[in-house]
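Chemist: Protein sequences appear in the order of chains A and B.
Just so it is clear: in the first sequence, position 46 is 46 by my numbering, and no numbers are missing.
Just so it is clear: in the second sequence, position 62 is 62 by my numbering, and no numbers are missing.
Careful, some of the hints might be misleading.
Reference excerpt, derived from the structure (chain B facing chain A, CB under 10 Å, subset only) [as the list claims (entries may be wrong)]:
(1) PHE10
(2) SER51
(3) GLY53
(4) TRP56
(5) TRP75
(6) MET83
(7) PRO84
(8) LEU89
These are computed hints drawn from the structure, not numbers from a lab.
Cβ coordinates follow ideal geometry from the N, Cα and C atoms, glycine included.
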Amino acid sequence: MKPPAARAERILPPRPHSTSALWMRLVMGSILAAFCLLASCWAARHIPFLQPYGATGLSLLVMGGCLTGMIALTLCVGIGNWQKLQHLAIRYRSLHGWIGIMTGSMLSVGFLAGTVTLFATPLQQWSQPHLPAQRNIPLADIPTILDRLTPPGTGQHPAPALHYRLTLTTPGSASLSIPVGPELPLGLPASQILVSQPAPGTIQLYQMIPSPVPNVIGGLHRRMGLPLPENWAMPFVGILCLLYGLALLSGVILLLPGIWRTLMTVRLEGHARRLWLDLHSLLGLCSLPFQLIIALTVALFAFAPLLPPCSGTEAMSPPHAAASSAPLPPITALKQMQNLAPEFQPLTLDYVLGPHGTDSLPERLALHAPLYNANGLRSLPPSDQPYLLIEGTDPHNPLIGRDRGAVLMAPHTGTVLDSQNLPGRQSLARHMLTWCLALHFGSFGGEFVRWLYVILGLCGVGFFHTANKLWLNTHRHKVPGQTAPVDTLATSWLSRLSEGTLLGCLLGLCGLVALSPFTSHLYPITALKDASSHMMEKACQQASLFYYALMLLSLLSYCVLPRRLCRGVVLALAAMFLSAAVLTVTLHHTATQTPVSPELTIAFAIASLCLWGGAFHTLRPRPNRQ
Amino acid sequence: MTGMVTDPLFFWAGLLAGTAWVMLLWIQLPGHTPRPARLSRSAGLAGLALSGGLAWVLWSPVFGPVSAFFCLGGWSMALLCFMPVFWALFRTYRSHTPG
Chain A
1 MKPPAARAER ILPPRPHSTS ALWMRLVMGS ILAAFCLLAS CWAARHIPFL
51 QPYGATGLSL LVMGGCLTGM IALTLCVGIG NWQKLQHLAI RYRSLHGWIG
101 IMTGSMLSVG FLAGTVTLFA TPLQQWSQPH LPAQRNIPLA DIPTILDRLT
151 PPGTGQHPAP ALHYRLTLTT PGSASLSIPV GPELPLGLPA SQILVSQPAP
201 GTIQLYQMIP SPVPNVIGGL HRRMGLPLPE NWAMPFVGIL CLLYGLALLS
251 GVILLLPGIW RTLMTVRLEG HARRLWLDLH SLLGLCSLPF QLIIALTVAL
301 FAFAPLLPPC SGTEAMSPPH AAASSAPLPP ITALKQMQNL APEFQPLTLD
351 YVLGPHGTDS LPERLALHAP LYNANGLRSL PPSDQPYLLI EGTDPHNPLI
401 GRDRGAVLMA PHTGTVLDSQ NLPGRQSLAR HMLTWCLALH FGSFGGEFVR
451 WLYVILGLCG VGFFHTANKL WLNTHRHKVP GQTAPVDTLA TSWLSRLSEG
501 TLLGCLLGLC GLVALSPFTS HLYPITALKD ASSHMMEKAC QQASLFYYAL
551 MLLSLLSYCV LPRRLCRGVV LALAAMFLSA AVLTVTLHHT ATQTPVSPEL
601 TIAFAIASLC LWGGAFHTLR PRPNRQ
Chain B
1 MTGMVTDPLF FWAGLLAGTA WVMLLWIQLP GHTPRPARLS RSAGLAGLAL
51 SGGLAWVLWS PVFGPVSAFF CLGGWSMALL CFMPVFWALF RTYRSHTPG
C-alpha cells in the first residue's frame, strides 16, 4: 500500500471542460482564427515585399492564415496544465464528436458530389447526342470558313467575327464552334453553334445545348449540398472548414495515446462501436494529408471572395490597341505556343475579337460561376481588348484549373498577355499556389490521379459516415440485460437524418446522371441568326429541383419507414437510375452506330451493379436478426 | 491517360514498385498486420527505401518529379485505407474456416 503522500502526488486525470468553458475557448479560438485570416489579408496588401505577388500572394497567405487559424483554434481548446497525453485527449473528446455529428453529413455530401465532379467534362461529353461526323476541319481551312460565315457588306460584326472557339481534334484539324452566350470557367455553360463541313465548300450549322447536370453537381459540391445561393453558402462553408480542420487536428490528438497499438487494426467481430472506431481512425489517419489539403483549399475558396481584393503588379501586360488586320491563323498561334512551352498540349483556342465581359465578382455572381478566382480581378483583359485564350494540359506539371492550364495572347500579334497560368512557365509563388489547387482538384498526373481521387473521395465519404455511426453508437443507452444498446430519441432521429442525407445525396446524384442525356440537345439551324439563347439558368434550376426532390423523398422515407427498408429501397432506386442512364446512352449510341465513351459507361455500370448488390443484400430476408 | 499513353512501361513498373513500397510500409506499421518472421526490421526498412526510391524514379519521367512524389503519396493513402480492411476480412474468413 502506498503512503498517503505518494497517493496525493498521483496524477489525477483532469475532467473534460464544462460546456461554458468549452464555448469560451471556442469563441476565443474563433477570434484568433479570424485575426489570423485578417492579418494574412493585411500582410498581402500592406507589406511592401508581398505586394508584388498580388492575388497569388493573397491566396497563399489566406491559406497560411487558415492553417494558423485551425491550429490556434485547436490550441485554444487544449491549452492548460496536463501531464499525460491522455489528459490532453480528454479535453478534445466531446468537442471532436459534436463537430463530427454536426458537420459530417454536409461534408460527406460535399465529398460524394466532388467525386462525381471529377468527371464533369467526360459526363458532359457522355450525355450529349451524337455530333455531326464532318466536324473536323483542317486548321488551314478555318479562316475561309469564317469568311463564309460572315455575310459580306453588312458592316456589322456577326457572331463569328467576335468570338469563336477551335477545339483541336488532331494536331492539324479542329472543330469550330461559336458560343451563343458569355462564359466563365465553371460557370453556367453556354449553348454553342457547331459548324460542320459535309463537303468542301459547304457548311452545315447546328445548335448544341449542353447539359446543365455537371454544373449542378459542381454547385452541390461547392455548397456541400446546401440549397442556398453560392455567395450566401460560402461563409458558412468557410466556417465549416475551420471546424473540419479543428476536428482533424483534435482527432490526431485523440489517437496519439493509443496510436502505436491500434494503428492498422480493424476488428470486425465484437462490439459495433469498436468496428466504427477502427474504421474511422484508419480512414482518417491514412488520408490525413488529403483531408487537410481539402480543408485548407476549401477555406481559401470560401473566404477569399469575402476579403478585400488585392491589386498587385502581376497583372497582365498593358493592353494593345486592337489591330485592324486579320487575327493570327491558328497554325501560327500554335507554333508560337509550341516555342513558348514545348510540353504544353493545347486543347482549345478561343478567339475573342469584339467587346466581351470582364471577369469580376458581379460577373461571376451573374453567371453562377465559382466566386474564388486565382487571378484576382484582372483575369481577362479590359472589355474592349481582343484576346486569344489557349487552354490545354501538361502531363508533367500541375494545372491550376480543374483539368487545364491557359495562356492569354494578343490575337493579332501573338504577344503573350498573361502566362501566369501556363504550366511550366510560372513564378515560384504561382507554382506553389497551382500545386495547392491541383492537390484539391486532382489536376496533375492525368487519368491515374483522377481515379486515385475517386478512391480518396469515397474514403472521405466513408470517413464521415463512420464518424456519424461512431457518435451514434457512443450515445445509445445501455439497458441492463440487453446485449445491444438501445436508441434514444435523439440518436434515433440523428441516425435517420444522417443516413437519409447521405443516401438521399447518392440517390439525387444518380437521378441527375440519369437526367443528363435528356437535357443535352442538338438540332440543325440554317443561319447564325436562327440560334436561340437557351434558358440555361432555368434548366439548372429544374435539375437542382429534381435533386432536392429526391433528397427530400429519401429524408421523408427515413422519417416514416423502417431504416432497413429505406436503405434497400433508396439503394435500389439509385441503382435503377444509374442503370437507366447507362442503358439510355448505350442504346442511343447503338441506334446511331456511334462509339460511346467506354470509361464512364463501364464506371457507371460497375457502380450500378454495386448499388443493386447493396440493395439486395439489405432487403434479403434475415430470419434470425431484427 | 495523359501520362500512361506516353510511357506505359514506366507507369506500370512504377505502380508495381509503389505497391511494393506500400505493402512494406504496411507490414512495418503497428496493429494487426501480417508480420513475416523472416523479414528483419532493418531489411524491411532497406526494402522500403529502395522500393520507394524506385517507384519515384520510374514515375518521374511519366508525371514529372514533384507530381511523381504526390502520386506515390496518393497511391499509398488509397492502399493503406483498404489493405487493413481486406486483411481483417481475410483473417475473419480464415478463423471461421474449419481446418
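Chemist: Now tell me, hint by hint, if it's right for this structure.
Modeler: We went through each hint and held it up to the structure:
The restraint placing B:PHE10 at the interface with chain A is violated, with a minimum CB-CB distance near 12 Å, outside the 10 Å limit. For B:SER51, the suggested interface contact is broken, since its CB lies about 18 Å from the closest CB of chain A, more than 10 Å. This hint is violated: B:GLY53 has a C-beta 19 Å from the nearest C-beta of chain A, more than the 10 Å allowed. Using the Cβ-Cβ criterion of 10 Å, the hint placing B:TRP56 at the interface with chain A is not satisfied: the shortest such distance is roughly 13 Å.
Evaluation of the B:TRP75 hint against chain A yields a held restraint, the C-beta minimum of about 6 Å falling below 10 Å. For B:MET83, the shortest C-beta to C-beta distance to chain A is roughly 8 Å, which falls under 10 Å, so the interface hint holds. Interface hint status for B:PRO84: upheld, as the beta-carbon distance to the closest one in chain A is roughly 5 Å, under 10 Å. Taking 10 Å as the C-beta contact cut-off toward chain A, the hint placing B:LEU89 at the interface holds, the least distance being around 7 Å.
Violated hints for the displayed structure, listed by number in ascending order: 1, 2, 3, 4.
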